[in-house]
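Residue numbers (this note's numbering), protein chains in the order written: chain X, 1 to 313; chain D, 1 to 528.
Watch out, some of these pointers could steer you wrong.
Straight-line distance between alpha carbons at most 25 Å, and here's what the computed DMTMM-like set of lysine to aspartate or glutamate pairs gives [as the list claims (entries may be wrong)]:
1. D/K402 <-> X/D85
2. D/K163 <-> X/D46
3. D/K402 <-> X/E49
4. D/K192 <-> X/D76
5. X/K89 <-> D/E292
6. D/K415 <-> X/D33
7. D/K192 <-> X/D171
8. D/K235 <-> X/D85
9. D/K392 <-> D/E347
10. D/K352 <-> D/E292
11. D/K135 <-> X/D46
12. D/K415 <-> X/D85
13. D/K192 <-> X/D33
14. X/K89 <-> D/D210
15. D/K354 <-> D/D303
16. D/K104 <-> D/D117
17. D/K135 <-> X/D171
18. D/K192 <-> X/E49
19. D/K43 <-> D/D519
20. D/K186 <-> X/D85
21. D/K192 <-> X/D46
22. D/K235 <-> X/D171
23. D/K135 <-> X/E49
Derived from the structure by calculation, the hints contain no laboratory data. Since this is a predicted model, take the numbers as computed values, not measurements.
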Amino acid sequence: MVRLIVTRLLLSVVLIVISSIAIFFLMSLVPGDPARTILGANATPDSIERLRQQLGLNQPLLSQYASWLGGVVRGDFGESVFSGDPVVKLILARVPVTLSLMLLSTLVIAVLGTGLGLLSAVRGGALGRFLDAISLVGLALPSYWVAILLVALFAVAIRIFPATGYIQFADNPGGWLLSLILPVAALSLGGVTIVAKQMRDSAMDVLARDYIRVLRATGVRERSIVLKHVLRNASLPSLTVLGLTVVGALTGAVFVENVFVLPGLGTMVTQATTSHDLPVVLGVGVFFTLFVIIVNLVIDLLYGVLNPKVRVR
Amino acid sequence: MSASHRPAWQTALVAVTTLAVAFGATACSSASSSTDSASTSSKGGTLTTQFAGVPISLNPALGGSGGSAIFTSLPYDSLIYQTGDGKLIPDLATKWALSDGNTKLTLTIRKGVTFTDGAKLDAAAVKASIEYMMKAGGGDARYAGPVDTIATPDADTVVITYKSAYPDAPYYLSQYWSVGQIIGPKGLADPKGLLTASDGTGQYTYSASDSVSGSSYTFVRNKKYFNPDAQQFDKVVVKVIGDPSAVSSAVTTGQVDFAGVSPTTAATVKAAGLKLVAAPFFTWGLTLADTEGTLSPALANADVRQAIALAIDRDALASALSADYTQPNGQMGAKGTDGHVANYGFEYDVKKAKSLLAKGGYPDGFELTVLTENILDSQTTISQAIAGDLGKIGIKVNLVVKNSVPDFIQGALSKQFPALIWPVVGTNSAQVVTNFTQPGVTNPFGNTYESLNSLYAAAQSSTSASARTAAYEKLTKAANDAGVFAPAISTENVFAIGKTITNVRASALNPNPLPQAPDAKYAWKRTK
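Just chain D, same shape as in the assembly (with noise of 0.2 Å):
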């Protein structure tokens, strides 16, 4: 997860989060949220969008992925597109397939496409390119996966092949991600050029002129552009805007076009009379970091966290919140995610869990540190919400609040917190445990999960859709069995669309709707 300004809200626009969202190969059945589509619609004039944070950086090799990706995905096309609904369509890479147990992708680059430098697009822009997106050191860089070999055939073809299976490849190379965003030749001999000039084959280049640095960056249509019918606007606009209040103005009076709305203006929106559009994103819960019982020995007994999960009053947590966008979570995953197994979860069960916590040896409870912040979680609310529950069954929770991301990211890496309360992403459960067994935030003492780990090996090397979704499954309900996380809601991303503005649509797979897409069907547009 990287951190934009970005900052309470005063920081989050400082430090919104970008955040892996994880893909699996094919779309899963999901509740998808959408703005209709116009029977008539206007090409040209300006878009203006909003988005809480400045970007991490105008070089898509260092830039931020999920919602931040509108700084970088305007100016580069990806090999591959991910639509509204999470499905994936051709962009850059006309046909892709993977093979050879899902550790071999080979990508098929389409003809007739420029930079915006003026060198054309082929199989070997496209390798320098990744390669250089892999040694850039930017966040997202890991998302390229386990590569062994970029090789490059022809001219249009270009084969990745991995150490390890990687089914998720394809999702990982749309236009969220940096390494999937297609850098110009002459972008990547001066990569400090990208930050005041873009290179790609995007729809729009950037206009430093027309841009103020952390205020507003302006994106102007590119001429050359390879499909012009997908272009549905001259202009698009990004404006930072962190302010709750500020967003909920600027949207409601038209100023912006789209805005990312937190669910405490929500309702102000809509009542003003703009379309909202909601779609899952974190699941939050506690992560019980310490199953080895290094700092909290308690930890390490499968009873006391099975009994932790088990006391979280995820119903009251839900309406206490803003019922309208959050919903109670028993599992990892959010609804609608690959792997999400309907009806069930950890029950709310206080009986339960006191009995577990004494059959652990824990008849009294005991004292738990938990590291938290309150950016995300603003004014910790979902932290007390936990830790009242966590005092119900006697443990005794300490929380310690961190006042910026990487504060909390510093803290949470330190190995001096046995748990730590900080939102998971995903759209697959194989993604979404991956924070919970490859070390790093929410695994800072690098333990390691046998069981976890096999099934995660099977589902990355199913070869089907339908395999892959039951190993999910199955990994759902070893998670749980596990009891890594105890996990508590799942919140949704909630944005406000201008009158004028439809087909934007969101979903579990994909929420955080983009403006463009390489297929106008796909693209968001101005009614007349």
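Chain X extracted, bound-state conformation (with noise of 0.2 Å):
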């Protein structure tokens, strides 16, 4: 375990350095200046170049990666264009936000997924019937969309939970709850689909194994081969798919949190990027490869607690 722990913290070097230049030259690509977007329509071109020197703007792409890689080096991931706030401060204020997001969205997903896939599987009939076909709407409507219906519907109409906004755990934690229901809602309904969706299909395949048959005739409750043996058999394939959609949900929460105006890293490289805040888009994209490999590592490794077999010695 601790083989693959390092192996994959190599890896994530790699990856990291892979990203950020695409990040770099992809945002190089993309229309507009950032000193004309500072500056203004009427900003004169000698102002415009005063400040694109200023930024560093003029310097070649390289030159501009390379200086921004040297100071990732020594932890400094540079500063916002617009509000000179350093980057770090600014991912480290908003990773709360889309932490909680992503966590209990994953919880949730992990949960009511696998929970409703399992049930359905076991009893069969009809609740097999509607996931089956409810799998197929919840991969299709957009988090977007079912975010929008759930502040008309809840937030609006019906005044349970805030529209917008989000509340800090350490001033009141039911506060935060209260504000996360909503969005965590709109980010996990397709996800709770998928899973729920693949766990019926695992465990309607381990039911049929003859080791279940032989399980029931030597009397062990039917609980129990539930709970110890078709749930950890058919978690394994659900897993890989809980990983993906976690990663997945991850572009969702983007639209989420602009819906939603949650202050997290969604609403903040969405404005970094068509703004052309460089240093906050690639320390963003910084930390979305790092979760993604994070993400990654945990379930490879819940693999190993769930099969043995496929422990790395």
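Join the two chains into one complex using the hints; note that each chain is given alone, in its own frame.
So this is what it looks like as structure tokens:
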């Protein structure tokens, strides 16, 4: 396991460099000029050029990237072109919001998806058919659209939840949870249906195995069979799907944060991308890359827990 | 025009533009929209407002104007204050006067005012701040005007001498413009520090620790403010919310007390029982930039330009967009602005348009490439309508759509497009016409128009309000005759006001309400 972790950490460095290069050069292709964005339509060419020099934008792309990378090695991710705030400070201020959203969504997807899938496999019948039907719907519905609907219904029409905003956990744990219920619901709906469908199919496959019949024949209780044997073995494929779903939810989080005006990394990177705030985009890109690596590492470790055969020696 | 992100609406939250809203020296007749001032109000508490984009900068010299001035006007008082009805009243300057043919502005500076850094406000501090603004390279520096010298004959007097007549000088020293927002000496010594800590004389100070950059900006009451009676709130929080549905939800559920709403969600907000305040802002139309015919020879012909203006069905476009907040407009200034001529403007006359087109030598029409964008012109609705109308008289329009404001500006300045669709603003005709007579986005070729320039100069030199209005009206008619701009519609800024907030006023002369005022009579209040 230690070897796995070390390998992944080394890999993360390579991945971060690759993703940052990709982001850097993709951003250079996006039309627009941050200096002009800052100074506006009426800025003189001289003032724009002066600002470009101040911001280092007149340097060749490779020089700009090398300068950024050199800073990163020293722990300096640069400053926002617009606010002047250090990128690390900006990211740290917003990470709790996005992490709260992602972790709660992951929990909901894992628990509800697994539970629903298992239940429908064991009970079958109408629940199973319903799950098959809504899994496609859940996959098709964009989280942005679901978010708007949830706000219209549960925040505006029936005022149970706040329409926008985020409350810090430290300020009010109850308010924090309340402010995340609708965003988490919007973000996790698709994932729940996907994981539930996968779990149902896997569980049905396991339930049809010979050893399950043997267990029943030997008098093992059904509940024990389902929770100890079926769940464990059916979880493996679902775990992979869960990992992919969580990574995919990161994209959804960007939209959901905008709808609910959550001050997370999603809203920050949206603003930074359209205003060409390159240091911020790169910083968030690095964070997202790390997040994906960690998610995959956790999935791999859980895989090893559930299936000793695949553990890395 | 400067862009905030600001951005579709997703990009508009980033790319909200701040626009020049010119103002004549005195208010002219204009309908104003307001919420009634309550007879009883309570002070203190927090006012939460919304703005669609992040601040361009918290340094006033680099900050935005218009509505985005909310971020800098709260901590930085200006020399002059413009009320919601467009009137100019004293703020840091207790009185001012234009003289010498509008080339000299003398300001008397208020006594007993201190910056948050403890320094006293005096003429030297004002001079230093204005000079910094002019050199800092911000997008609004040009609104300082053609400054020749800034003198301080005594501790309380500032005399600004201009190289040419500049009657709009007092307006551009108001709270909406960087030039008039005075920065303290400590801030001037360390401009970078202004991004995290304000140094002004305003009613509030910026609290970085309570703010989340890019999301919400908190301003706390300035205990050193010179007129505590005018301060209505203990705290003002500006939330950055760009998505129209999120704005609607936030204001409807009381999460914000004030928000700029889109015309498409205004009805929903009104149905929820909130008050709406609206004021004309943009005038949309087709700018015929290539009047010399460099790229499009047809546009060099005056008859062709007139034909284009006559081909636009303004009534249909206004109805299609949102009749409540959009008006057909056949002249460059919006109704209510100084120089707007009643019952005047281009009519919709397809027959006459075709006849003029033939007279100009293009009986079968021609092809025209038009630059536009889909940020302000959401889904290019206006652009497509104009293109469709021109198609009916034989002009085949190829729309080139840019997806960001900076990209549009870059395209416009590239001189590769003979025409473009971009809104203009101005509270008098002189300021609107400079969009077409001075080099810039809407005059990328740098064309000069002698008739317009001479009328502009005459208007600038007029020393009485009535003479200036008459000159502005002549300018409006001359602009139509020159055919540099084919106007189509005027759109309004629409604001939703929370149920407990009163005294919010907006008008054609001031379409961007701000909560604070040096005189309590004009400040927003919360009812008990």
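Evaluation of the provided hints:
1. Of the supplied pair hints, the one linking D/K402 and X/D85 is violated, its CA atoms being roughly 30 Å apart against a limit of 25 Å.
2. A hinted pair counts as satisfied when its Cα atoms are at most 25 Å apart, and D/K163 with X/D46 qualifies at roughly 21 Å.
3. Pair hint D/K402 plus X/E49 holds up; C-alpha atoms about 23 Å apart against a cutoff of 25 Å.
4. Between D/K192 and X/D76, the direct Cα distance comes to roughly 18 Å. Compliance with the 25 Å bound is thereby established for this hinted pair.
5. Taken as a hint, the X/K89 and D/E292 pair is broken in the structure, with Cα atoms around 52 Å apart against an allowance of 25 Å.
6. The suggested pairing of D/K415 with X/D33 holds, with an alpha-carbon distance near 18 Å, which does not exceed 25 Å.
7. This hinted pair does not check out: D/K192 and X/D171 have alpha carbons roughly 31 Å apart, beyond 25 Å.
8. Annotation: proposed proximity of D/K235 to X/D85 holds, straight-line Cα distance about 23 Å (limit 25 Å).
9. With a C-alpha separation of about 16 Å, the suggested pair D/K392 and D/E347 falls inside the 25 Å cut-off, and the hint holds.
10. At roughly 23 Å between alpha-carbon atoms, D/K352 and D/E292 fall within 25 Å of each other, so this suggested pair holds.
11. As the CA atoms of D/K135 and X/D46 are separated by approximately 12 Å, the hinted pair is consistent with the 25 Å bound.
12. Restraint check for D/K415 and X/D85: not satisfied, since their Cα atoms lie roughly 36 Å apart, outside the 25 Å limit.
13. The straight-line distance between the Cα atoms of D/K192 and X/D33 is roughly 21 Å, inside the 25 Å bound, and the hint therefore holds.
14. For the proposed pair X/K89 and D/D210, the alpha carbon gap of about 14 Å is at most 25 Å, so the pair holds.
15. For the proposed pair D/K354 and D/D303, the alpha carbon gap of about 10 Å is at most 25 Å, so the pair holds.
16. Under the criterion of a C-alpha separation no larger than 25 Å, the hint pairing D/K104 with D/D117 is inconsistent with the structure, at around 31 Å.
17. Annotation: proposed proximity of D/K135 to X/D171 is violated, straight-line Cα distance about 44 Å (limit 25 Å).
18. As the CA atoms of D/K192 and X/E49 are separated by approximately 19 Å, the hinted pair is consistent with the 25 Å bound.
19. Of the pairs offered as hints, the one joining D/K43 and D/D519 holds, with about 14 Å between alpha carbons and a cut-off of 25 Å not exceeded.
20. Restraint check for D/K186 and X/D85: satisfied, since their Cα atoms lie roughly 20 Å apart, inside the 25 Å limit.
21. Restraint check for D/K192 and X/D46: satisfied, since their Cα atoms lie roughly 21 Å apart, inside the 25 Å limit.
22. Note on D/K235 and X/D171: the hinted pairing holds, with a Cα-Cα distance of about 18 Å set against a maximum of 25 Å.
23. A threshold of 25 Å between alpha carbons decides the hint, and for D/K135 with X/E49 the separation of about 14 Å falls inside it, so the pair holds.
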